[in-house]
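Participant: Okay, here's what each chain looks like letter by letter:
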Amino acid sequence: MDQTGYVLLAIGIIVLLAVVAIVSYVLYQKTPVPKGCENLEPDPGICGACLKSGCPFYPQYHAPKVGADSGVDEPKKPSAPGDKVAGVAPSKPDDKGDAK
Amino acid sequence: MFYTYFVAFMLALVSYTLIDNVLLSRFYGICSFIGVGNKVKSAVSMGVAVVFVIVFSALICYPIYHFVLMPAGLEFLDTVVYILVIASLVQIVGLFIKKYSPALYKSLGIYLPLITTNCAVLGVVQENTFPGKMLDFPMSMANAFGTSLGYLLMIFVFACIRTRLDTYSTPRAFKGIPIALLTAAVMAMALMGLSGIGA
Chain F
1 MDQTGYVLLA
11 IGIIVLLAVV
21 AIVSYVLYQK
31 TPVPKGCENL
41 EPDPGICGAC
51 LKSGCPFYPQ
61 YHAPKVGADS
71 GVDEPKKPSA
81 PGDKVAGVAP
91 SKPDDKGDAK
Chain U
101 MFYTYFVAFM
111 LALVSYTLID
121 NVLLSRFYGI
131 CSFIGVGNKV
141 KSAVSMGVAV
151 VFVIVFSALI
161 CYPIYHFVLM
171 PAGLEFLDTV
181 VYILVIASLV
191 QIVGLFIKKY
201 SPALYKSLGI
211 YLPLITTNCA
221 VLGVVQENTF
231 PGKMLDFPMS
241 MANAFGTSLG
251 YLLMIFVFAC
261 IRTRLDTYST
271 PRAFKGIPIA
281 LLTAAVMAMA
291 LMGLSGIGA
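Protein sequences, first through last, are from chains F and U. Residue numbers 1 to 100, in the working numbering, belong to the letters of the first sequence in order. Residue numbers 101 to 299, in the working numbering, belong to the letters of the second sequence in order.
Because the hints were derived from the structure by calculation, they are not lab data. One or more of the hints may lead you astray.
[Claimed, not checked] Label-pair restraints from in silico Cβ distances:
#, chain 1, residue 1, chain 2, residue 2, range
1, U, T104, F, K30, 48 to 56 Å
2, F, L27, U, F167, 26 to 34 Å
3, U, F102, F, A18, 25 to 33 Å
4, U, Y105, F, L27, 34 to 42 Å
[What the hints assert, rightly or not] Here are the simulated lysine-lysine pairs, DSS-like style, with alpha carbons at most 25 Å apart:
#, chain 1, residue 1, chain 2, residue 2
5, F, K30, U, K275
6, F, K35, U, K275
7, U, K141, U, K233
8, U, K206, U, K139
9, U, K139, U, K199
10, U, K206, F, K30
11, F, K35, U, K233
12, F, K30, U, K199
13, U, K139, U, K233
14, F, K35, U, K199
15, U, K275, U, K139
16, U, K141, U, K199
Ideal placement from N, C-alpha and C gives every residue a C-beta, glycine not left out.
Produce the complete structure using the sequences and hints provided.
Facilitator: Structure below.
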């Protein structure tokens, strides 16, 4: 076989592979999901380290999580005006926090 | 002659499995190693799927490169061909799992697309046909078998260790991924102790 024949064969194989990839993808999508697996979601504890932006779960699990296991204790917002909050400076000089 | 070649094959197999381990020495496929290596069942399922895809993609890609792309002078298209082969194989594996093994699909289904982007698969196939370091067919199969077995072994051991680590009280700063990375580092150092075997 001459060079042209090999080139044509290579192009044919590449096209064939592309067709196989597309057909298998379509078949995979069309195959019904087994019972009980309709709403599979990855466990954030398992998927937390993946940094692949191409991963279908990337946006879901790499959105900024406020105060979620960041290693820093975030100050809690007071629920009532009288509540004391850790890490917040006293508003008045004579406010010493808990006296006891 | 056969004996010498067999010894070389076995040494290559051991080397690719343990000493030049794909995860802890060559650092391919770390994403799935950390991501899935948290539960033993998921890790083993992932490992078996990766073994299948690596071995079959090496088996298919080697003849395509040597008997089609090289004679045609189209070696630069190798990555395109490899990716098409790997993507097709992953879809076919996923199709069979989805159709015939719901239990396996439940534990692995969401991670199946990640095998396509697992650089260990593409890395092995590329290494087999790397210009200047091209392996012959038996050695390329030793590379594929050894690498995939090494992947399976390490992800299994890693998952076992992490499962046990979950039961211990770890300092907060080390919980989760940090302690997992430290574990991987210790495992890598343990494997370094095997270097020199067969030299």
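Participant: It remains to establish, for every hint, whether it holds in the given structure.
Facilitator: Evaluation of the provided hints:
no. : hint                         : verdict
1   : T104(U) - K30(F): 48 to 56 Å : holds, 51 Å
2   : L27(F) - F167(U): 26 to 34 Å : holds, 28 Å
3   : F102(U) - A18(F): 25 to 33 Å : violated, 40 Å
4   : Y105(U) - L27(F): 34 to 42 Å : holds, 41 Å
5   : K30(F) - K275(U)             : violated, 40 Å
6   : K35(F) - K275(U)             : violated, 35 Å
7   : K141(U) - K233(U)            : violated, 37 Å
8   : K206(U) - K139(U)            : holds, 13 Å
9   : K139(U) - K199(U)            : holds, 23 Å
10  : K206(U) - K30(F)             : holds, 17 Å
11  : K35(F) - K233(U)             : violated, 48 Å
12  : K30(F) - K199(U)             : holds, 11 Å
13  : K139(U) - K233(U)            : violated, 37 Å
14  : K35(F) - K199(U)             : holds, 11 Å
15  : K275(U) - K139(U)            : holds, 16 Å
16  : K141(U) - K199(U)            : holds, 20 Å
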